[in-house]
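Enquirer: Listed below, chain by chain, are the residues.
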Amino acid sequence: MRKTLVLIEHTQGQLRQTSLHALGAASELAAVEGGTTEALVMGHGVGAVVDALRSLGCARIWAVDHPQLADLTADRCADVIAQTVKATEPSFVLAAASTFSKDLLPRAAALLDAGMISDVVGLKKEGDETVFKRVQFAGNVISTVQLSGALKFLTIRPSAFPMANRNATQSEVQDFPWQPAANVTWTQVVSREERVEGRPDATEARIVVSGGRAFKNSEDFERVVGGLADALGAAVGSSRALVDAGITPNSLQIGQTGKVVAPELYIALGISGAIQHMAGMKDSKVIVAVNKDPDAPVFEAADYGLVADVYETIPEWTRRIKGS
Amino acid sequence: MRIGFPSKLPINSLQMKILVPIKRVPDYDTRIRVKPDGSGIVTEGVKFSMNPFDAIAVEEAIRIKERLPGAEITALSIGTEESVETLRVALAMGADRAIRVAIDADMDSLAIAKVLAAVYHREKPHMVLMGKQAIDDDSNQAGQMLAGLLGVPQATFVSKIEMGQDGATALCSRETDAGIEKVQVRMPAVITTDLRLNEPRYVSLPGIMKAKKKPVEELTPSALSVDCVSRTRVLSMEAPARRKAGLRVKSLDELIDRLKTEAKVL
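In order, the protein sequences belong to chains H and P. Heads up: the first sequence begins at 274 in the working numbering, then just goes up one per residue. Heads up: the second sequence begins at 430 in the working numbering, then just goes up one per residue.
Be aware that a few hints might be false.
Dumping the calculated DSBU-like pairs for lysine-lysine here, alpha-carbon to alpha-carbon at most 30 Å [to be verified]:
id : chain 1 : residue 1 : chain 2 : residue 2
1  : P       : Lys643    : H       : Lys397
2  : H       : Lys555    : H       : Lys595
3  : H       : Lys276    : H       : Lys397
4  : P       : Lys464    : H       : Lys555
5  : H       : Lys489    : P       : Lys589
6  : P       : Lys641    : H       : Lys555
FYI, nobody ran anything at the bench for these hints, they're computed from the structure. In this text, all values refer to a predicted model and were calculated from it rather than measured experimentally.
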């Protein structure tokens with residue numbers, strides 16, 4: 274029986290919404306390949322995450338709860354995945370594409386001599402084979418890829434797959450007895466920034482308000498972009514230029530090498546629209562661009578474009594929302 | 430596979446060896462077009478350059494060498510004859526020597542990682558510095574796979590490297606979805622670079638002249654005894670559906686109104 278093992282991501286004791294899309298992708302895979310979905314949760318103190326998973330249609334949830342997994346570094350996690358895969362023999366290991374899974378899944382794949390496809394946006398049966406669509410060349414090419422071998426690794430774009438449905442059946446939970454090798458010096462985490470509470474993550478939000486080169490400092494960005502985002506209950510994003518300039522933190526970067534988002538509404542403020550930025554947002558349902566430059570390439574992809582100064586227009590928009 | 434990492438590896442700066450794998454890719458500024466038959470991308474008339482993340486890795490290796498003058502930087506490329514041009518750029522920037530592993534067909538990340546691992550075992554570097562992803566394939570796998578094959582620590586998506594006093598450890602700032610994570614890794618390790626690690630220098634004329642005299646060694650996968658069969662196979666390529674040109678609205682009022690009544694997203 275074919276099985277897909279889905280790697281679950283969590284942060285601050287909460288299940289990441291992107292993992293629900295990974296489970297949704299596993300259902301699509303099961304629809305063409307047959308078989309079942311199992312989930313793997315790693316960490317220390319993962320009870321709440323496991324509970325949140327129980328009504329999502331997994332045939333089984335493997336919980337690896339271990340003090341040495343308080344820090345989920347790639348060397349630890351790849352070792353856990355390798356042991357779990359050897360014991361449970363899935364055909365696929367699948368996770369949502371994020372810096373977390375991109376760090377550790379290829380390492381685990383190498384430990385198991387398995388091939389891997391990153392950033393899958395679709396899958397279908399072609400003859401006897403399941404083939405995968407993935408994005409490359411900064412979103413300029415969609416390739417159809419075949420993957421051979423008894424074990425296959427995939428990361429999927431959360432925006433390309435629906436979230437798994439909740440159902441009444443409670444998944445069986447089983448502890449997996451991870452045996453860390455003795456005398457291993459794991460990578461040591463010295464410090465870690467956590468996401469600021471209060472605003473949703475850009476990969477999970479219905480609306481994303483994003484700012485670009487028009488903003489000259491962090492205060493202006495926070496007041497104008499952050500102000501509109503808060504009024505709309507939206508997430509905040511940024512172009513690479515602002516991160517490079519130290520105006521915004523890297524965790525806000527949208528694009529080929531940052532986060533890839535596809536919200537219902539993406540509002541690009543003072544963003545010129547470099548290919549590398551567009552690669553991270555062009556699958557949004559509705560794109561709004563506000564830019565002073567009428568020739569900015571961002572307008573080519575925008576459903577609604579407004580040629581205007583963001584410093585004047587956007588605070589006015591925020592005031593109207595608050596006033597209404 | 431070796432389990433665990435050496436507990437202590439004192440590195441004399443005179444012998445610090447850094448291996449920098451680099452890839453020749455279509456320039457980041459190039460407009461990529463898919464061939465009408467979907468068999469690949471149009472390469473005629475396309476400018477090729479060093480993968481930008483790899484240029485950052487070369488630059489960082491040079492900066493480490495500037496602080497540890499005895500260090501040796503080896504640039505490595507797996508590719509066709511043309512990748513020697515890219516290696517010459519690394520040599521002109523300041524790498525000491527270069528190795529090309531000759532292949533004529535594309536290989537997937539796991540196959541590449543196996544070749545890199547074979548060269549690693551031959552060269553025995555203290556650090557592998559490489560780009561986090563190549564901007565053609567965008568897979569973001571090879572560095573992590575290499576670290577897994579070697580059983581050594583990894584620090585990916587790194588925007589700052591602080592070498593320890595004895596050169597045996599490095600404190601690396603990683604760019605993650607949540608923000609910066611700092612990890613301490615013990616050498617030998619694989620470190621993959623993110624955009625903000627540094628700004629690569631331009632190649633100077635004296636650099637280009639010097640590069641002509643630096644050695645470029647040629648190897649083959651069979652000479653390295655590597656099985657480099659790719660597990661992934663690209664069957665076809667297509668251009669993504671283009672968004673239709675949208676509407677220019679005349680005012681904020683019109684924008685808000687259309688978002689509410691037409692797009693129904695507010």
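Enquirer: Each hint: holds or not?
Expert: Hints versus structure:
no.	hint	in the structure
1	P/Lys643 / H/Lys397	50 Å, violated
2	H/Lys555 / H/Lys595	29 Å, holds
3	H/Lys276 / H/Lys397	17 Å, holds
4	P/Lys464 / H/Lys555	22 Å, holds
5	H/Lys489 / P/Lys589	24 Å, holds
6	P/Lys641 / H/Lys555	44 Å, violated
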